[in-house]
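Asks: Sequences and hints are given; from them, build the entire structure.
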Amino acid sequence: MEKVLEVKEVTYRSEEFALGPVSFSVDEGQVVSIVGPNGAGKTTLLRIVAGLDEPQGGEIVLRGVPSTRMPPEKRGIGFVFQDLALFPHMTVAQNIGYGLWARRVPAPERNRRVAELAEEFGLSGYLDQKPTRLSGGERQRVAIARALASRPSLLLLDEPLHSVDPEHRRVFLADLKRKLREHSTTVLHVTHDLDEGAFLSDSMAVLMEGNVAQWGETQEILTHPVSCEVARFLGYNVWKEAGEWLAALPTSLTLDPEATGPSRAGTVTAIGPTLRGVRVEVLLAGQTASIRIEQERNEPGTQGLASGNSVSVRARQLHHLPAPKEEESFSEWA
41 MEKVLEVKEV
51 TYRSEEFALG
61 PVSFSVDEGQ
71 VVSIVGPNGA
81 GKTTLLRIVA
91 GLDEPQGGEI
101 VLRGVPSTRM
111 PPEKRGIGFV
121 FQDLALFPHM
131 TVAQNIGYGL
141 WARRVPAPER
151 NRRVAELAEE
161 FGLSGYLDQK
171 PTRLSGGERQ
181 RVAIARALAS
191 RPSLLLLDEP
201 LHSVDPEHRR
211 VFLADLKRKL
221 REHSTTVLHV
231 THDLDEGAFL
241 SDSMAVLMEG
251 NVAQWGETQE
261 ILTHPVSCEV
271 ARFLGYNVWK
281 EAGEWLAALP
291 TSLTLDPEAT
301 GPSRAGTVTA
311 IGPTLRGVRV
321 EVLLAGQTAS
331 IRIEQERNEP
341 GTQGLASGNS
351 VSVRARQLHH
361 LPAPKEEESF
371 SEWA
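Per the working numbering, residue 41 is the first one in the sequence shown, and the count goes up by one each step.
Hints were generated in silico from the structure; no laboratory data involved.
Since we're looking at a predicted model, the values are computed, not measured.
Please note that a few of the clues may not be correct.
[What the hints assert, rightly or not] Label-pair distances were calculated between CB atoms; the ranges are:
no. : residue 1 : residue 2 : range
1   : Gln343    : Thr291    : 16 to 26 Å
2   : Thr108    : Arg356    : 40 to 50 Å
3   : Asp205    : Ala305    : 39 to 49 Å
4   : Glu366    : Glu113    : 37 to 47 Å
[Said to hold, decoys possible] Result set (DSS-like, lysine-lysine): computed pairs, CA atoms no more than 25 Å apart in a straight line:
no. : residue 1 : residue 2
5   : Lys365    : Lys280
6   : Lys43     : Lys219
7   : Lys114    : Lys48
Where is the CB? At the ideal position from N, CA and C, for every residue including glycine.
Replies: Printed below as a string of structure tokens:
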């Protein structure tokens with residue numbers, strides 16, 4: 041399978057920020073998400089791939105062609121910016137067709153492509169309107185249609201759901217995934233929203249403090265974090281017990297009312313309902329950090345539970361991890 045993008049030992053430095061060296065590749069038709077906390081360097085990396093920023097070291101290769109110093113307009117890349125960057129003085133049709141116009145595509149062909157994308161993205165009734173009159177989700181669809189208009193070899197998505205309200209986010213995300221598959225689009229996508237990245241991507245890179253902390257197939261990363269730092273970012277509870285660093289998802293922790301197996305005594309600090317059942321926060325003896333437990337309402341151990349109650353906690357599945365870089369930032373089970 042052809043590699044559409046190769047990022048080779050890329051570095052970037054400023055007074056406030058250091059990126060890299062970062063290396064990874066994206067294959068034809070693959071959707072790769074780069075996830076990580078705010079400030080990890082995700083957008084900077086995307087801008088370097090697009091040619092909007094120049095790295096201080098390393099190389100960007102597009103379809104086998106060294107492209108580190110190639111102008112953005114020559115790279116064959118589509119870019120959906122976090123702020124969308126739509127032209128407010130242009131109509132929806134003009135925005136969608138702008139890239140084709142810039143490439144001097146003849147008007148009849150340009151109009152056909154705009155009409156085709158407008159129909160596909162549900163924008164046919166808005167072609168004569170200005171973006172300022174559209175909702176956040178509608179503007180987002182315009183931005184993606186514009187990025188796809190010239191059939192780019194690589195599509196870059198920077199927080200694509202940033203302007204979509206929570207009520208429509210789930211539907212929009214499913215629609216976006218379907219459209220990317222239909223177009224066989226090769227995508228590099230960055231987000232701090234782990235659920236969004238996991239849902240869209242085939243493979244994932246976890247970027248932390250300017251470096252790739254873990255890279256691989258999305259499912260493998262979600263179920264087998266390689267470090268305490270990655271595990272905590274993924275939502276695992278991380279602790280030290282008997283000299284070992286362990287991690288467990290909130291859904292793999294359970295209350296043991298009978299204390300029938302290996303467990304830890306703790307005290308409930310808060311309890312309340314969630315969409316998935318009941319969330320229980322437990323402070324374990326000798327610790328300063330709480331542990332989240334997600335359970336169904338009818339599971340034993342949660343009925344009648346209240347803040348201040350003593351409980352026993354068991355883990356159904358544990359991951360053994362190397363020690364974190366900064367042990368003092370993690371809680372320890374005494």
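Asks: The structure should be examined with respect to each hint, and the outcome stated for every one.
Replies: Quick rundown of the hints versus the structure:
no. : hint                        : in the structure
1   : Gln343 - Thr291: 16 to 26 Å : holds (19 Å)
2   : Thr108 - Arg356: 40 to 50 Å : holds (48 Å)
3   : Asp205 - Ala305: 39 to 49 Å : holds (44 Å)
4   : Glu366 - Glu113: 37 to 47 Å : holds (43 Å)
5   : Lys365 - Lys280             : holds (13 Å)
6   : Lys43 - Lys219              : holds (21 Å)
7   : Lys114 - Lys48              : holds (20 Å)
In summary, this structure violates none of the numbered hints.
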